[in-house]
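Novice: In case you want the letters, here they are:
2 protein chains.
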Amino acid sequence: MGVHRCRRCQADSVIYMRQHRLALCEPHFVEWVERMTLGFIKKHRMFEPEDRVLVAVSGGKDSLSLWSILLKLGYQADGLYIDLGIDAGCGYSKRSGEHVAKFALQVVPGAKLHLLDLAALYGKTVPEMAGRRKGGRRKLCSVCGLVKRHEMNRAARELGYSVIATGHNLDDEAAVLFGNVLHWEAEYLVRQSPVLPADDLGLVKRAKPLARFYERETAAYAIVGNIDYIVDECPFSLGATSLRLKEVLNSMEDRSAGTKLNFYFSFLRARDNSLFPGYERPDLNPCCKCGQATGASGLCAFCRLV
Amino acid sequence: MGVHRCRRCQADSVIYMRQHRLALCEPHFVEWVERMTLGFIKKHRMFEPEDRVLVAVSGGKDSLSLWSILLKLGYQADGLYIDLGIDAGCGYSKRSGEHVAKFALQVVPGAKLHLLDLAALYGKTVPEMAGRRKGGRRKLCSVCGLVKRHEMNRAARELGYSVIATGHNLDDEAAVLFGNVLHWEAEYLVRQSPVLPADDLGLVKRAKPLARFYERETAAYAIVGNIDYIVDECPFSLGATSLRLKEVLNSMEDRSAGTKLNFYFSFLRARDNSLFPGYERPDLNPCCKCGQATGASGLCAFCRLV
Chain A
918 MGVHRCRRCQ
928 ADSVIYMRQH
938 RLALCEPHFV
948 EWVERMTLGF
958 IKKHRMFEPE
968 DRVLVAVSGG
978 KDSLSLWSIL
988 LKLGYQADGL
998 YIDLGIDAGC
1008 GYSKRSGEHV
1018 AKFALQVVPG
1028 AKLHLLDLAA
1038 LYGKTVPEMA
1048 GRRKGGRRKL
1058 CSVCGLVKRH
1068 EMNRAARELG
1078 YSVIATGHNL
1088 DDEAAVLFGN
1098 VLHWEAEYLV
1108 RQSPVLPADD
1118 LGLVKRAKPL
1128 ARFYERETAA
1138 YAIVGNIDYI
1148 VDECPFSLGA
1158 TSLRLKEVLN
1168 SMEDRSAGTK
1178 LNFYFSFLRA
1188 RDNSLFPGYE
1198 RPDLNPCCKC
1208 GQATGASGLC
1218 AFCRLV
Chain B
918 MGVHRCRRCQ
928 ADSVIYMRQH
938 RLALCEPHFV
948 EWVERMTLGF
958 IKKHRMFEPE
968 DRVLVAVSGG
978 KDSLSLWSIL
988 LKLGYQADGL
998 YIDLGIDAGC
1008 GYSKRSGEHV
1018 AKFALQVVPG
1028 AKLHLLDLAA
1038 LYGKTVPEMA
1048 GRRKGGRRKL
1058 CSVCGLVKRH
1068 EMNRAARELG
1078 YSVIATGHNL
1088 DDEAAVLFGN
1098 VLHWEAEYLV
1108 RQSPVLPADD
1118 LGLVKRAKPL
1128 ARFYERETAA
1138 YAIVGNIDYI
1148 VDECPFSLGA
1158 TSLRLKEVLN
1168 SMEDRSAGTK
1178 LNFYFSFLRA
1188 RDNSLFPGYE
1198 RPDLNPCCKC
1208 GQATGASGLC
1218 AFCRLV
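Just so you know, the sequences run in chain order A and B. Heads up: the first sequence begins at 918 in the numbering used here, then just goes up one per residue. Heads up: the second sequence begins at 918 in the numbering used here, then just goes up one per residue.
This is chain A alone, in the form it adopts within the complex:
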């Protein structure tokens, strides 16, 4: 192979993206990430400059990079940090929140950061909510996802944001797709998309502007940009199915560069070319307590939980 040089300026200190056979020096890599993100936002009509975007930030590399990129691209992007109350002996949520707060102060001082503390609002942390459920800790990840989706949506509605942006990267999306394919869960498959539209029951539009980037690319972007993110994975995610699926995809990627990219993008193309028939969303009703859309009659899953 020889030494890689930046395709733009021939510099010899580069970030090499094997799946694209593309080597770029740090400044050109940053420029590339931002330009590709802009293209992806436009292609999927995620949002316009006049939209108020709420970025769900966890303190990790993806969401902090996303917030930074959106602001650099000129979008109106504020942050939302949900304190899930995960301690697990390492003060995980507390440390995550500190990374977010520091980032907001130092890197994006013009933007707003909204803080939402589950324990203060509902008297319970996510592990406490999950602990009361059958399945206990094994269900924690699904409870956590449910809570985050509900609270992101509630916050966006109450604060007047038209779009929620999350930092999901290609590795995340490919793993979810792989999981959905292993069980052929039609409803999830048909709905998996880098952008989900708003509905008339108060679901706010959601977008994943980084879904075209490998995890190592978002990590490189964060490192190059001196973004001080929380490196640890959530302590509860160890052994989670999503990590196992990522391992399998990583081993396939190692053998054949571009596997994840092709898997995800060929899926999006097949979907756009009507591989699946028109998806009929099941009838939804407003939750009788919080008002958010639910397939259940009466209380939504979140309100039954808290």
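Hint data in this document are derived by calculation from the structure and do not stem from the laboratory. Any given hint could be a false lead.
Derived CB-CB ranges, DEER-like [stated by the list, open to error]:
1. A928(A) to T1158(B): 33 to 41 Å
2. D1171(A) to G1175(B): 22 to 30 Å
3. S1183(B) to S1191(A): 16 to 24 Å
4. E1104(A) to D1116(B): 29 to 37 Å
5. S1191(B) to A1115(A): 26 to 34 Å
6. R924(B) to V1223(A): 42 to 50 Å
7. A928(A) to K1206(B): 57 to 65 Å
8. N1179(A) to S1191(B): 25 to 33 Å
9. E951(A) to D1116(B): 51 to 59 Å
10. S1159(A) to E951(B): 36 to 44 Å
11. S1173(B) to D1171(A): 20 to 28 Å
12. L1118(A) to P1114(B): 40 to 48 Å
13. R924(B) to D1145(A): 56 to 64 Å
14. G956(B) to S1191(A): 33 to 41 Å
Heads up, the beta-carbon is just placed ideally off N, CA and C, and yes, glycines get one too.
Mind docking chain B on chain A? Use the hints.
Specialist: Here is chain B on its own, set in the frame of chain A:
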């Protein structure tokens, strides 16, 4: 776990099927395989007792087991062996043919075995046909598949069989499905099925009665039944994509028994529940030389090859 005992007769020498949590002694295993095959044939309306079935036999465990099972179940099943002319320094086709001939004479003496020798018919073996193509040996597997499909169909039509049965097992089908999913090849995905109907351009109905069995189950059936099959894989299959995909699926199966079964059957269910829209077959024409259906105008891919 303790020692497994036969679920039927409590015998302690058993074949254990982890994905079904089912242990059966040898006689009950054989009975189980045959009963499940019958159920699968009926469920997918593969063929009826009055159909004349042509079993494509390679000399391997799957196809020889299939032939034996179909006869035991009372179907009219004859064999077709295609001598592909693969030598590869180990006389692969020659040895395979010997296994088939011996099996036909000793195990199913009432059935007919049709032999078809490519080199005698077309003056070329499969490696010779593939060698003339761009891509050479790497294309050999696809040329071999093309040739087998063409010749099986031609033989079935000329000899008056209404169905072609092949020995594909669950590992084969899951690997093909996995490959199709990795690239979201809509046309292949939509058509992947344990049974493919005949069409009015002379395509004979095809069925895969063993597609619900793991490879280790068809191997166990062959071993228990003293079927003397060729154990080696085709020497050209080493490094083939399908083997890599099988490895990945095997590693997932090791971690979670039933992965392959769930993957394949949830796909079939999703398809039956209209996950995919009505498939519009592209317009086909009869080949101007052999008369078999082709998407090309003029010569079909097989006739262009030979």
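Novice: Does the hinted range 56 to 64 Å hold for R924(B) and D1145(A) at CB?
Specialist: 59 Å, holds
Novice: Could you check the hint for me, namely that R924(B) and V1223(A) are 42 to 50 Å apart, CB to CB?
Specialist: 46 Å, holds
Novice: For the hint 29 to 37 Å, verify it against the beta carbon of E1104(A) and that of D1116(B).
Specialist: With Cβ atoms ~33 Å apart, the hint holds.
Novice: A928(A) and K1206(B), beta-carbon distance inside 57 to 65 Å?
Specialist: The hint (57 to 65 Å, Cβ to Cβ) holds, given that A928(A) and K1206(B) are roughly 59 Å apart.
Novice: Taking the beta carbons of G956(B) and S1191(A), is their distance inside 33 to 41 Å?
Specialist: For G956(B) and S1191(A) the Cβ distance comes to about 34 Å; the hint holds.
Novice: Quick check on a hinted range of 25 to 33 Å for N1179(A) and S1191(B), using CB atoms only.
Specialist: 27 Å, holds
Novice: When you take the CB atoms of S1173(B) and D1171(A), is the distance between them in 20 to 28 Å?
Specialist: 21 Å, holds
Novice: Does the Cβ pair E951(A), D1116(B) satisfy 51 to 59 Å?
Specialist: 52 Å, holds
Novice: Taking 40 to 48 Å as the hint, is the beta-carbon distance of L1118(A) and P1114(B) inside that range?
Specialist: Once the Cβ atoms are compared, 43 Å apart, the range 40 to 48 Å for P1114(B) and L1118(A) holds.
Novice: Return holds or violated for the Cβ distance of S1191(B) and A1115(A) against the range 26 to 34 Å.
Specialist: The hinted range 26 to 34 Å holds for S1191(B) and A1115(A), with Cβ atoms some 27 Å apart.
Novice: Verify the CB-CB distance for D1171(A) and G1175(B) against the hinted window 22 to 30 Å.
Specialist: The hint (22 to 30 Å, Cβ to Cβ) holds, given that D1171(A) and G1175(B) are roughly 26 Å apart.
Novice: Check the following: the C-beta atoms of A928(A) and T1158(B) are separated by a distance inside 33 to 41 Å.
Specialist: About 37 Å separates the Cβ atoms of A928(A) and T1158(B), which means 33 to 41 Å holds.
The structure is consistent with each of the numbered hints, conforming to all of them.
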